[in-house]
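Visitor: Residues per chain, in single letters:
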Amino acid sequence: MPADFLWLIPLLPFTGFLINGTLGRRLPRPLVAAIALIPTALSAILWISLWFSMKAPGAPESIQSVASLFGNTSWIAISGFHVDFAFSVDHLTLIMLGVVTCVGFLIHLYSVGYMAHEEGYWRFFAYLNLFMFFMLVLVLAANFLLLFVGWEGVGLASYLLIGFYFKKDSAANAGKKAFVVNRIGDFGFLLAMFLLIAHFGSLDFTTIFTAVNQHPEWQGGFLTAIALLLVVGATGKSAQIPLYVWLPDAMEGPTPVSALIHAATMVTAGIYMVARSHAIFDRSPYALGVVAIIGAATALFAACIGMVQHDIKRVLAYSTVSQLGYMFLACGVGAYTAGVFHLLTHAFFKALLFLAAGSVIHALSGEQDMRKMGGLRKRIPVTFWTMTMGVFAIAGLPPLAGFFSKDEILFRAFVSPNPIGKLLWLVGLITAGMTSFYMFRLWFKTFFGAERFEEHHDSHGHDAHGHGGVHESPLVMTLPLMVLALLSIIGGWVGVPEALGGHDEIGAFLEPVLSSTGVTVTEVVSHGTEIGLAAISVLVALTGLFAAYVLYYKKPGTAATYAQRFPALYRLVENKFYIDELYQAVIITPLLMFTRIVLGIAIDGGVVGGSAAAATATTRGLGSLVRRVQSGNIRSYAGWLALGAAAVIAVMIFGYTH
Amino acid sequence: MNIDHTILTIITFVPLAGALVLALLPDRDRIQQWAALAVTLVTFLLTLHLPFHFDYSAAAGTFQFEQNLSWVTSPAIRYHVGVDGLSMWLIVLAGFLAPLGVLISWNAIDNRRRLFYIFFLLQQVAMLGIFVSLDLFLYYAFWELSLVPMALLIATFGRTENRRRAAIKFFLYAFIPSAILLVAMLWLYARTGTFDYPQLVQLAATHGISGNSSALWLASLAFLAAFAVKVPVFPLHGWLSDAVSEAPTAAVMVIAGKLGLYSILRFSFGLFPEQSHCIAPLMIALGAIGIVYGALLALVQKDLKRLAAYGTLGHVSVVILGVFAFTVSGIDGGIYQTINEGLGGSALFMLLGLLYERYRTYDIREYGGLAARLPWIVTMFVLTALSVVGLPMLNGFVGEFLVLSGAMQSTVAHHIGWTVLATTGVIFTASYMLWMIQRVFYGELSRRAESVDAIDLTAREHLALWPLVALFLLMGIASPIWLRAIDSAGSRIVSTIHQAQANDANFAASQTSGTELMTTASSTTKGGR
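Respectively, the protein sequence lines represent chains A and B.
The first sequence begins at 0 in numbering that gives the first Met the number 0 and counts up by one.
The second sequence begins at 0 in numbering that gives the first Met the number 0 and counts up by one.
No wet-lab data here; the hints were simulated from the structure.
Within a straight-line C-alpha distance of at most 30 Å, the following computed BS3-like cross-link-like pairs (lysine-lysine) qualify:
| hint | chain 1 | residue 1 | chain 2 | residue 2 |
| --- | --- | --- | --- | --- |
| 1 | B | Lys301 | A | Lys176 |
| 2 | A | Lys554 | A | Lys575 |
| 3 | B | Lys301 | A | Lys167 |
| 4 | A | Lys166 | B | Lys301 |
Ranges of calculated distance between the beta carbons of each label pair, as one might list FRET restraints:
| hint | chain 1 | residue 1 | chain 2 | residue 2 | range |
| --- | --- | --- | --- | --- | --- |
| 5 | A | Gly468 | B | Leu472 | 43 to 49 Å |
| 6 | B | His413 | A | Arg25 | 53 to 59 Å |
| 7 | A | Leu474 | B | Asn106 | 52 to 58 Å |
| 8 | A | Arg25 | B | Tyr78 | 52 to 58 Å |
For each residue, glycine too, the CB sits at the ideal point set by N, CA and C.
Whenever a hint applies, use it, and build me the whole structure from the sequences.
Guide: So this is what it looks like as structure tokens:
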């Protein structure tokens, strides 16, 4: 595939957006779906051809391409600084492109069935294509600013799709929350870019990373500042502490959106960005340490909350936050490859889990509460079996995808030179156990035990579907499930470590992009240790499975007893540690109070308005003289002009005579 | 005769001729609207002559389309007009917004139309005149002219009983500093014997205006204060929210921003480069504070128009921060953002006006759930909001990004702290915009919205809004079209300022013959990127 056509990959979905966005309202549904799906499929095909041309022996490690618009190759150009419409593809981008186009296409396909009975069908697909456009720009960008275009654009698509059911206050709130919280992250990202411009005079990846690599004496200092600001951006987009709060609420959007945007692709942008800028991060052990700690803390924290949620989508949402924490942890210990590997496998199994959850919700006419599910195994077998693959994969059971990627991260944390590397490993391990527990909890509560749902033939709820009765989803929905289930099984086989008899192909594949300089020198560890660590994590995963089995299958109700024994603790976790309430009480309310009282009443009303009132009063006193003889604004204006002129003449005569 | 020499005169006085024609035409049916539309459209088409014939290869600092005639011999007042990269797009902008203003007033103004459109056209003359004048006296005449029609528009066509008070407030705020500005101009004339702008710039660059630095300071402050009130710069915005909430939409579209901002760049920077640079630490502080202050106060308003007024304060503050950073990026971005503010602010006030025409209220609490009923209006609203909050690929981002990154590269004192504060504006701006959209358009249909059977955009309203939205997108993705001319002005301003500093330091050094001063000179000029 010629490099000059790189820009076609994002532009194809954009045409879909334009057509559906302007005309979609009047088009029949199958046509709307076709307009959305065909460009996405074409992008995926372009990716495949790109893949083969770059895998060929002797192929370049990266392809650059600059697009032009109206004869300008620059998007912004001023003296001494310019930003081009520059795209580039290297092996990292190739993996991201694959995830976005292929998983993206599968989710588009699934949506054809899932959204079939919804209002605003055209709007949904238009937004979805818009998202694809921006996400592809994000991963194809050859400079920070174009990456930021994608970054903001996916945020916009996310805002629009979370608020898709805008008549519901909760959905409108969640959309706004997502956008604003992401803006806090963007604040950091922007400042990082300003510093990059100030130091490098450019935002081009190649320029900046080459300059950094040429100056081994640059350690910490301004690079730490830049790296930390980039981390602020990444915590927003990738839902890490302290900015993760928007992601659970984002579940207000339709389920395919949760799968595509809030699990598989957009939320991994932060990890992608950190991996992309690893040349900068490598120079700042401090910033890397912050990334690792944020990642580990988020992984553990979100897993805790995930264990006690009742809404099936919320469990998956917290699970996503937690898994993103793993990826952050990987980057933080310099194991960028492991992070990207987990990003890849997570995209498969988490997309699968969300879509399967969507299929469950679809079957139950909009029910999302797991307390009202149960025994669905026989009723929706395809969904059950495919979801089972996803659950096993995320729980880290070999030989499914999640096992290899998660284990790689834990191993890298264990052997990292980070002084708290062992602690990070331990946190990751505990999280793995909790992950296994809450996923099997979900599995047992949904598919096993007594049927706790009501068969209703009327429709209600926002995900409501017109046809009642518990039913398996149509093929258009189950087909993507099956493909993703397959990928969740085999997706990890590209990264089997040598200790387990593999070749770690993905590591070698990403080597040219992500090879680190310096900080990630790992201890030489025997294969025995690696196998031992893997065995421990499998054991932990099985423990989680067993606990869930006992509590939710063997002796249902025991969980409630435990919850009653520690009511305060349980309530604390169930209410997500009251973090939203805390932010509201500590930040939002005081800020609004301050604005209303100090800025609004004291300053704007008092100082600014007060001086105005004083000025008005004085002039009113003077003006009343004038008003007696004259009225109307034009005349008083003339009077003022005369007065002014008199003053001027006086000054000219007496003031500054030569 | 080549039209290039008269085009600016034609552009400026077509609206005046139009106003005269309107005065003669009867005020019935829709004659006034159509006539005003025709006049403004012709003016706009004429302004388009400029970008198509602008000579980008001309030496920086030269004026194009110049016309320089003697008007009064003593005192030496000339009719001198001309355009450079700084003013060109602002003239086009003024030309572009006028027909949209007429379209949006079509039904909103339903009595005394003749008066309305005459004032409107006079306002147009004043704005165009301000942008083209290169003679201080001529400029001042237009500057004063710009106050009167606006004050009268507010006083006559204001929305509530408060209109008179708002008009007087606006007028006094603008007029008092303008009188002082006149004094300063006359002082300049007394010192130099000329009102001619290019000549004065030459003199300023070579310390030829006055050796009396305190007098120069006073004069520069007189200039800056007059412009700052008009912008308005925090905390001189006392008139803004009252005037905005009273004034009819077409007047609000041009009430703030570009006139004052242009004047600062042209006259404050041109005539008082050194003083402008000295006062920059204060101005970037006021700019950064204004951004956050405006956005935060917008967040707590209950009246849609006041909300947008505080938003406007935030947006013009972005420009202030950028231009007083004295970097190419900051000034280019500032000029770009001036255009953005004109477009985005206009679109926002137009949309609010449309809502008012339908629901007769600006009270945000009366709204809710309109999205399902008014899909086109909500689409336009969201696009406008995204432009204003600076979403990449829309115009606002280009300007805002250049301004903030320019501020970060500045050498003005404490620039990093102020840039960080200013950048928090991206959070607050998004907050108030999205919250407004949510409260107006999302959720359940409000009682008032239910009781009114409102229609979505009419063809005329589509016509008024689409050009703006198209420009948001075009200016967001193809910024070099505009930046090319703007950059020629921006980079010239920066080099002039640094030149002035260098001269100044040399000047001082030659007088004191101190070697230390030379080193400060070289260290201050080093900042020029």
